[in-house]
Amino acid sequence: GLKSTGACRMCLVEIEGEKVLVVSCARRVREGMVVRNRTEKVLEARRFVLELIWSLHLEDCTTCEKSGTCELQKYTYELGIEKRRFPLVREAKYPIDTTNPLIDRDLNLCIVCGRCVRIVSFQ
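As numbered in our numbering, residues 1 to 123 make up the sequence shown, in order.
It is possible that part of the hints are untrue.
Here are the simulated lysine-lysine pairs, DSS-like style, with alpha carbons at most 25 Å apart [claimed, not checked]: (1) Lys-83 with Lys-41; (2) Lys-41 with Lys-66; (3) Lys-83 with Lys-93.
Simulated restraints on C-beta separations [claimed, not checked]: (4) Glu-65 with Gly-32: 43 to 49 Å; (5) Val-117 with Met-33: 25 to 31 Å; (6) Arg-84 with Lys-19: 42 to 48 Å; (7) Cys-70 with Met-33: 39 to 45 Å; (8) Lys-3 with Lys-83: 32 to 38 Å; (9) Lys-66 with Val-34: 34 to 40 Å; (10) Leu-58 with Val-34: 37 to 43 Å; (11) Thr-62 with Val-34: 40 to 46 Å; (12) Val-34 with Asp-97: 39 to 45 Å; (13) Gly-32 with Asp-97: 44 to 50 Å; (14) Glu-16 with Val-89: 22 to 28 Å; (15) Thr-39 with Glu-65: 32 to 38 Å; (16) Leu-58 with Gly-6: 33 to 39 Å; (17) Asp-97 with Lys-19: 37 to 43 Å.
Honestly, the hints are just simulated from the structure, not real lab data.
All residues carry an ideal CB built from backbone N, CA and C; glycine is no exception.
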C-alpha cells in the first residue's frame, strides 16, 4: 500500500508517556501502547489543523461534485466547525490537470497532503 506521511495531521493522537501529539498513520504500533484519539486535546488540535486546511479551500461545497463524499466536509461536520476562523488565503487560479489516467488533479482544492503524488508514483 501507500506509505503514510502524516502531512495532513488529521490523525493526531495522544500516546501515553509521550509529551506531544503524534500522527497515528505514520507511527508504528508497539505492544502495550495506549493511544487516545478522542480527548479534548486531540480534538482541539484537529479542529485547529482543519481550520488551517479550510483556509486554503474554496468554499463551493454546494456546487462541488464531491459534496456528501468529501473528507474535508466530513471532518468539518464531525468536529463541529460551522464557520471559518481564518480567511481564505488563495483564489481559484489553476486549471484542472487531467493528463494522468488515474487521477484528476485540481490544485485549487489541494490541502498539501501529498496523497495524489504518492498514488501517481506508487508502483
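How the hints compare with the structure:
Among the hinted pairs, Lys-83 with Lys-41 is consistent with the structure: their alpha-carbon atoms are about 21 Å apart, no more than 25 Å. Between Lys-41 and Lys-66, the direct Cα distance comes to roughly 30 Å. Violation of the 25 Å bound is thereby established for this hinted pair. Between Lys-83 and Lys-93 the alpha-carbon distance is near 23 Å, which keeps this suggested pair within the 25 Å criterion. Between Glu-65 and Gly-32 the beta carbons are some 45 Å apart, a value that agrees with the proposed interval 43 to 49 Å.
Checked against the hint of 25 to 31 Å, the pair Val-117 and Met-33 passes, with Cβ atoms roughly 30 Å apart. At roughly 31 Å, the beta-carbon separation of Arg-84 and Lys-19 lies outside the given 42 to 48 Å, and the hint is violated. Separation of Cys-70 from Met-33 is about 32 Å and departs from the stated range, judged on CB atoms against 39 to 45 Å. Checking the proposed 32 to 38 Å range against Lys-3 and Lys-83 shows it holds: the Cβ atoms sit about 35 Å from each other.
At about 36 Å, the CB distance of Lys-66 to Val-34 agrees with the hint of 34 to 40 Å. A hinted range of 37 to 43 Å for the beta carbons of Leu-58 and Val-34 is consistent with their spacing of about 40 Å. Between Thr-62 and Val-34 the C-beta distance comes to about 42 Å, which sits within the given range of 40 to 46 Å. One distance hint, 39 to 45 Å for the beta-carbon pair Val-34 and Asp-97, holds here, with the actual separation near 43 Å.
Between Gly-32 and Asp-97, the C-beta spacing of about 46 Å keeps the proposed range 44 to 50 Å intact. For the pair Glu-16 and Val-89, the supplied restraint of 22 to 28 Å is violated, since their beta-carbon distance comes to about 36 Å. In this structure, Thr-39 and Glu-65 meet the distance hint of 32 to 38 Å, their C-beta atoms being roughly 35 Å apart. Checked against the hint of 33 to 39 Å, the pair Leu-58 and Gly-6 fails, with Cβ atoms roughly 25 Å apart.
One distance hint, 37 to 43 Å for the beta-carbon pair Asp-97 and Lys-19, holds here, with the actual separation near 41 Å.
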